[in-house]
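**Student:** Use these hints to put chain B with the ligands onto chain A, whose structure you have.
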Amino acid sequence: MRERHPRSVNFEIPRYILFMTYFSNIKTAVSTVFEGMTITFSHLLREPMTIQYPDRTPLPVKDTLPPRYRGFLCVRPEICTACTLCQKTCPIDCIVIEHSKDEELKQRVMTRFDIDMAKCMFCGLCTEQCSTGAIYFTNEFEASTSNIKDLVFKFIKQGEKVIPYKIPRKKKPAAAAAETQAAAKEKKE
Amino acid sequence: MQPFIDQIISECEILQGLPLWFSYLIFQLIFCGIIFVFVAVFAMLAGYAERRVAGRIQSRIGPNRVGPQGILQSLADGIKVFLKEDIIPTHADHILFRLAPYFIFIGMFLSFVAIPFSSQWVIADLDIGIFYLLAVESLVVIGIVMSGWASNNKWSLLGGMRSAAQIVSYEVPVALTILLVVMYSGTMSIQGIIMAQGAAPWNWNIFQTPFLFVAFFPLFMGSLAEGNRMPFDMPEAESELVSGYNTEYSGFRFVIFFFAEFSNLYLIGALATVLFFGGWQAGPLPDFVNGLLGIETPLSAAIVKNLVELCVFMFKSLCLVFIVIQLRWTLPRVRVDQLMNICWKYLVPVAFFNLVVMGIWMVVVPEYVTDIVALCMTACGVLLLGYFFYRVAWQLKNTKARLRFNPLS
Ligand code: SF4
Ligand code: SF4
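These protein sequence lines are chains A and B, in that order.
Residue 97 in my numbering sits at position 97 of the first sequence; the count goes up by one each step and never skips.
To convert, count from 1 in the second sequence and add 189; that's my numbering.
Chain A on its own, in the form it takes in the complex (with noise of 0.2 Å):
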């Protein structure tokens, strides 16, 4: 005969044991409810953990962001060289840079710059493409607004033009070397 799993086995809970069960349950509830009044009470004497973000923060917000933080992308326009790279890269078609000849000043000149921050998803591709450092990123990143079209940041303004940088053009290697030696030794003496 096979045995049977001790588990099975059918026994009568004895009548004392459940009248038991009975007063230990409230004494259960009893305790329980008292212990987690306590608690609940100490928390009431806690400190809350809430940070009153915009503004009842110690410092604003803005300050404490470290300092590669990726909020709104920003151009200095003054040493963009109209490359167009940044627009290139962008896997999203946020950047759109017109530039083209103008006929009174005889050479390239930037009309339209604009960033539309709200397509943007911060990858950064296009600051790493920047030769100049004329696109980056700022700390801003307080973003709602009542009109998405106000996230399209306009860096030339409608009209203007600008003329693109020129980057110095670079010396031969060798006469750069010999001019940041000469520099060393002038810093040495």
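Hint data in this document are derived by calculation from the structure and do not stem from the laboratory.
Honestly, I wouldn't trust all of these hints.
Claimed, not checked - Pairs of lysine to aspartate or glutamate, DMTMM-like flavour, derived with a Cα cap of 25 Å:
no., chain 1, residue 1, chain 2, residue 2
1, A, Lys88, A, Glu128
2, B, Lys589, A, Glu35
3, A, Lys88, A, Glu78
4, A, Lys154, A, Glu186
5, A, Lys154, A, Glu98
6, A, Lys161, A, Asp93
7, A, Lys119, A, Glu98
8, B, Lys494, B, Glu274
9, B, Lys586, A, Asp116
10, B, Lys589, A, Glu47
11, A, Lys166, A, Asp114
12, B, Lys343, B, Glu200
13, B, Lys534, A, Glu35
14, A, Lys106, A, Glu78
15, A, Lys88, A, Asp114
16, A, Lys88, A, Glu104
17, A, Lys154, A, Asp93
18, A, Lys27, B, Glu360
19, B, Lys586, A, Glu78
20, A, Lys161, A, Glu104
21, A, Lys27, B, Glu450
Note that the structure is predicted; figures quoted are calculated from it, not measured.
**Tutor:** The following block gives chain B with the ligands in isolation, referenced to the frame of chain A:
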């Protein structure tokens, strides 16, 4: 109420010219208006206080922007709800749907007729006040079932049904406990029950005998369940029933539900205060305050006396209201079967046992023994309170919590 009105009339020349019934009518209307305002203001402030307490218990701050420290938050919410469209579902039973909130509100509001605020300030001191209170509070269940049924929504219907089952069941331990207190005080009038107690804690009903102490809990839990408060808020269990019986309501009708809920919160505290904590009994305090202010005329003396008693009563009820609020943020909701278990297997037997034993006690035990027991019970109560705060301190120390005692930050 009548003695107080008589006193005012005897002091005031203009009122003496009017017929007596007319001035009575006017005064009763004024007091009804005062109570209406009281209920509205209490509901607003309780809603605010509840959210602040909830915030601190959950390590948050709670609403603190609207008005100084956010005290006008409920007002802002009220205005917002008022401006909502008043929607009646197409397939709802229109008449019942409109009628239900008034049933609930009337049920709550009628209770205030018998609830005293001080020795003379009570709308009507009925001889069967406590009986009246039980009867009137049951009117609420009709409103809840009605709103649940008329909404033609399964969540509302389930909420209404649960509420009916719950209120009908918990009426039993509550009624038994009230019967016990009535038996002990020898009167059914609410003022009579209060006057049978005294100002000092050892004269309160709760500390008279161990059985009366135990009897407090069926009453308290029963009123929690009847008021649909946590942990017995099955009818409006948010996670299961959206919002229960008031799911389909919006606009002004929803505000009525909100008012009813919070005035009921006060009723829970006031009922327990009346039955177990000595009501408005202030002992020598009113005379002391009168002496301090140097008040001579009987009318102003009476007003000051009533004011002091009002403060005492409010203090006790609001402490209990605070406990109710704290319980809400402490305990999880019970299941429906657990709810019925608690009522029928635990509260009803305990209430019956207390009733029988107290009956025997009153016959057998001489007066002076009861007095000694009352003193011992009071000492035990104080010790229990002390142990509570000791445990609170232990919790704080054990978790190395950072403290902030200012309740407003
Ligand atoms: S950060 Fe990325 S997504 Fe945004 S503009 Fe630059 S390249 Fe485009
Ligand atoms: S911002 Fe930089 S990458 Fe973009 S066009 Fe100007 S120079 Fe080129």
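**Student:** Compare the structure with each hint and give your call.
**Tutor:** So, going through the hints one by one against the coordinates:
| no. | hint | result |
| --- | --- | --- |
| 1 | A:Lys88 x A:Glu128 | holds, 12 Å |
| 2 | B:Lys589 x A:Glu35 | holds, 18 Å |
| 3 | A:Lys88 x A:Glu78 | holds, 20 Å |
| 4 | A:Lys154 x A:Glu186 | violated, 45 Å |
| 5 | A:Lys154 x A:Glu98 | holds, 12 Å |
| 6 | A:Lys161 x A:Asp93 | holds, 22 Å |
| 7 | A:Lys119 x A:Glu98 | holds, 19 Å |
| 8 | B:Lys494 x B:Glu274 | violated, 47 Å |
| 9 | B:Lys586 x A:Asp116 | violated, 53 Å |
| 10 | B:Lys589 x A:Glu47 | holds, 12 Å |
| 11 | A:Lys166 x A:Asp114 | holds, 21 Å |
| 12 | B:Lys343 x B:Glu200 | violated, 59 Å |
| 13 | B:Lys534 x A:Glu35 | holds, 23 Å |
| 14 | A:Lys106 x A:Glu78 | holds, 18 Å |
| 15 | A:Lys88 x A:Asp114 | holds, 14 Å |
| 16 | A:Lys88 x A:Glu104 | violated, 28 Å |
| 17 | A:Lys154 x A:Asp93 | holds, 15 Å |
| 18 | A:Lys27 x B:Glu360 | holds, 24 Å |
| 19 | B:Lys586 x A:Glu78 | violated, 61 Å |
| 20 | A:Lys161 x A:Glu104 | holds, 11 Å |
| 21 | A:Lys27 x B:Glu450 | violated, 31 Å |
Against the hints set out earlier in the document, violations occur for numbers 4, 8, 9, 12, 16, 19, 21.
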